[in-house]
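Trainee: The residues making up each chain are set out below.
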Amino acid sequence: MAKMTLDELRKLREQSKSNINRRDTSENDIQIIVGTGTCGIAAGSKNVLNAFIDAVEAQKLEHITIRQTGCMGLCYVEPTVEVRVPGMPDTIYGKVDAAVAEKIVSEHILGKKLVEGHIFDRPAPDIMKN
Amino acid sequence: MPANIEVKINGNAVQVGRDSTILEAARLANINIPTLCAHPDLTPWAACGLCVVKVEGSPKQVRACATTVVAGQNYITHDPELQETRRTVLELILSNHPSECLKCARNTTCELQQLAADFGIREVPFTYNVKRLPVDDSTPSIILDPSKCVSCGRCALVCQQLQGVWALEFLNRGDDTRIAPAGGVLLNESPCIKCGQCSAHCPVGAIYEKDETAKLLAAIRDENLHVVVQIAPSVRAALGEMFDLPAGTLVTRKIYAALRKLGCDTVFDTNFSADLTIMEEGSELVARLSKGTGVLPQITSCCPAWTDYMEKYYSDMIPHFSTAKSPMMMQGAITKTYYAEQINKKAEEIYSVAIMPCTAKKYEITRSDDMCASGCQDVDLVLTTRELGRLIKSMGIDFVSLDEESADSPIGKYSGAATIFGNTGGVMEAAVRTAYKLVTGEELANVQVDAVRGMDGVRTGSVDFKGTEIKVAVAHGMVNVGSIMDEVRAARDKGEEPPYHFIEVMACRGGCIAGGGQPYNTDDAVRAKRIAAIYTDDEISEVRCSHQNPEIIEIYEKFLEKPLSDRAHKLLHTKYQPRPLYVK
Amino acid sequence: MAIKNYILVCGGTACESIKSDAIYQNLLEEAAAQGVAQDVQIVKTGCFGFCEKGPIVKVLPDENFYVQVNPGDAREIIAENIIKGRVVQRLAYKEEGKKEAAADEIGFYQKQYRIVLRNCGLIDPENIEEYIARDGYLALEKALFEMNPDTIIEELKTARLRGRGGAGFPVWMKWKTTREAESDTRYIICNADEGDPGAYMDRSTLEGDPHSILEAMTIAGYTVGAHLGIIYIRAEYPLAIKRLETAMAQAKSMGLLGQDILGSGFDFDIEIRLGAGAFVCGEETALIASVEGKRGMPTPKPPFPAVAGLWGKPTVINNVETWANIPVILTKGGEWFSSIGTADSSGTKVFALTGKINNSGLVEVPMGITLREIVFDIGGGIKDSKQFKAVQTGGPSGGVITSEFLDTPIDFGSLIAVGSMMGSGGMIVMDEDDCIVDVAKFYMEFCVDESCGKCSPCRIGTKKLHGILDKVTKGKGTLADLESMQKIGTAMKKAALCGLGQTAPNPILSTMKYFEKEYLEHINLGTCRAGKCKELVQYLINPEKCTGCTICARKCPSQCIAGTKKKPHVIDQALCIKCGDCLSNCKFGAISTY
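Chains as they are written, first to last, in the working numbering: chain A, 1 to 130; chain B, 1001 to 1584; chain C, 2001 to 2594.
The hints are simulated quantities; they were obtained by calculation from the structure and are not laboratory data.
Check each hint, because a few of them may be wrong.
To be verified - No farther apart than 35 Å at their CA atoms in a straight line, the calculated lysine-lysine pairs in the DSBU-like style are these: (1) A:Lys-95 to C:Lys-2383; (2) C:Lys-2142 to A:Lys-3; (3) C:Lys-2487 to B:Lys-1103; (4) B:Lys-1131 to C:Lys-2383; (5) C:Lys-2578 to C:Lys-2532; (6) A:Lys-129 to C:Lys-2053; (7) C:Lys-2578 to C:Lys-2534; (8) A:Lys-11 to C:Lys-2545; (9) C:Lys-2532 to C:Lys-2545; (10) C:Lys-2534 to C:Lys-2567; (11) C:Lys-2301 to B:Lys-1131; (12) C:Lys-2313 to B:Lys-1312; (13) C:Lys-2487 to B:Lys-1131; (14) A:Lys-17 to C:Lys-2142.
Next comes chain A alone, as it looks inside the complex:
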């Protein structure tokens, strides 16, 4: 007996897609995505992850998701973090440490301004969006 049927998988996919869509478009939902591949971790991304959690707690911010992802390929500027704030361009920060993480929370998320000197370009377009 199959654990999941084809229809169930399709439903799950639609639901997951709309969940992500909502997260991406909702006014409130802010995402902080920390790269935690081996390269990121070696460069200190675990500390960065903790710094974000602390900063978000300290500022008593809500509707913020902090999550992890794999390597973006920007090894020369690890740790890397992507910040998605509704109404602002999705931004990739590199060479992030605990201090930069605090700055990102206070300036980017609260102040709606990009943080100088740490912005990097997403390396390639997303083929799944076409």
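Based on these hints, arrange chains B and C on the given structure of chain A.
Mentor: Relative to the frame of chain A, chains B and C by itself:
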């Protein structure tokens, strides 16, 4: 049998089996492709890199040893480009090999030396880099000198694939690769069964038998010692090869003559004690069959490599082992008691020497206290066929032109049943000939027992003892014994009838005729010729069954009383004990 | 008042040196002057690549990408783009041959194209739902319910996907051979034994997108009729292993792995086998031996694993990057895939770009891109504005590509034609400070360590080659040594048993071909132009420049510099240990190397 296909070797058509390698096809076409690692006994290991050839139309060089032929293809085995590759590879191998040919155990028989000679290597253009590693002479049988190893892998493959022993393994990597027991322990601390197949397959002088010829000369020189020598069944079918006689030439009587020329005082034949073994072992079998004394099946124990293997890998089978000693050990015990009495010597005044096809025999003579049944060591020295051949040469004896002589009495005569101990199935056949008589009281009409002859690794069959079916199995090549032992174990554990009554095991493929101490270059073709010689020796024998040997009848009348008597037990039987695979 | 636009000014070293700072200042002033200071934030960013076209300015959210911007262009950017919302066509990056910059194609200027890494850096690798949301397991769905083994193989054939492990064997042929080989059992293996020095493409893929590998292997299992897949991964990749295990557990609990997958009746399971990190175990026959519990040593081919692989059964073995391509090929179609890349090689290739390059990292590019584009447009050029010397591809099996081949399109065939090879994707950039003999020696040392020791050409050859290179780097080489290296190298190529040994001489043969002069300098002149070979470097004090300040003598750890105060000093060459402390401490430029 797959049909033959046609391929071309250097443009010349040759018919070969579908599964043949290019190397085999070339040999059929009488083209010799150099190789250091390929051996007909082994699956291709493809290590040395010398056998590269080209397929016409492709610039690639492929290994002839490991590449299966494709119908219609033309293989270029020799051209200047291939020779250049081979020469460079050979030079690389030589640059890591000690240039000590004069002092090497394989001087003049070394395959690398021959290649260097054929290629006319006068200098090696690369930096010499010979690793000096400690020599392992921990066993009484073989010496491992890793400095000379060319990492061809033959020894390890023989040890693992043919013998199932796994004493030898590849250690380390790259330039540090060496072949030795796992964990770097000494051979004597490893599962090694001393069969010596590694030494028989090594192309160079990296593994060789312990040479003890000097001990024989010293004993001959010692006026206080009476030197008595015995020769094993299979030696007579192989020694001639060392004097350029064709494989399979029987040289029994020339060996007797040569031993006398060397200065041995008395020349006996192990075959006498092969008959004695049959009397004891056959009686033991009959006792197990008819009186229920002891478990079935009974398993032969005359191969010391097999008993060592059994004590390490199948120690739960000890009760199945025949307690009868090997013919060599029986001969030694009888020599130092029965014969010593007759010539009024004490046991210690006799120096007992055995010429054997086997390196494990060097181990067997001290394997337990039972090997001193006469009060001192029953066999003082074992020389392999190869050692004897060299000794005869060094003593200036022209072996081929020797007159034929006979063995001495009273323990030198043998039956045809004894001589076939030298090959797989022979002990079984000899036992059947006598057991039939012991069980039925009648002589076997046709003494040739085809059911147990042949070269299959495992052969099973049954013999009709006038209405009683005796189920037998024969295994040779140590790796083949596993399936039979597993069958016996399974039946035992389930409480079922044993699948066999009698099992013969010989450690080496083909039996003793291809033992680890026999002349080099043994393959199945050579094995077949030696076996044929042994069967011929049987056929031309005056008596064909052990119990008919007049000297056997005499020794029981005069000395041993009857098979399995108290004296027989004391002198001719032994015990076994479990041994660990690794000592440490 | 909310910010509407963001202007990103490249603050990479290359751009900064050509006035990106002035652009930044001008933009700030213009924004203020034109009254939009509150609407726009102007920020300096890290390097965008394209350094040859710098300075770069990018305007968000429109993604307008301006190249070769001058400080004087600030006025127009503010006036046109920020106020009027129009692209400044004059400055916009255009693809070669195009007049207009592409409109709303985000990232149109980017040279990278991510198929393999499509999910890396985007999804949470430990959350299967994020994978599913990005069409994960859609390919498996298609394979099981809309396609059959023949149409799947046909799709791969249309895609022209070649194995990404190094040799580039067509994937569809492997699968077809395995499917058609007579056997009751077949296996699937994922080769995750990534071993080239400096290569980590597979690790990142597994860490960032583990489900794509599981999905692909399951599809292969269905196609060839296998029910067990094995991922052979080196134990040094603990995070990748953990994420694979997490992914496998999720897939199993959801019925995407295991029995009766999605009710199709097809069963497939995957197991992980850890490797001990031997380079040779990346060679497929050695890998299979290792999985079987044997010593990792190659066996002769044929038989190929597709006919007789794991436990002697037909086995599909592909590497991580190859597997990662499979699901997209099925969802987007082989036709789509084959439209990317070149006639020789379709799709993309992931490279680990390292060495003397500004933007080191993982890059995925369409086949056919030139090395120049990778090094200069993506990689941001050579560090510290040094001179490009060569790129090493293919790791210890590959060769160097010199500046004359910078415009060679990268695909399997072209790289072989210039004496290198694709390899698994290591790409190491060298500059003028790298000694080519030293580089060759580095790779040979690796091969000496990693040779399994089975076949004599490799076991002995690597050691001899390394010994000769060592002599050359110490100034003790001879012209005969060069001949010896050719001779050994040629014999190894012909007679070594596996790919490792056959290709191990490549770094030497290729550097000897393209940099013969440097070898000859080491041998004939006893000099190393890069100053890497310490034994060949001489530190000399120019008596005309030396002021006799004594600092060098005081800093010298071997006390080999003599001289009295205010008089020129002298270095005793016999005692000098070539540490270079004198050179770095001299304030008068009096010390130089020869």
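Trainee: If any of the earlier hints don't hold here, list their numbers in rising order.
Mentor: Violated: hints 4, 8.
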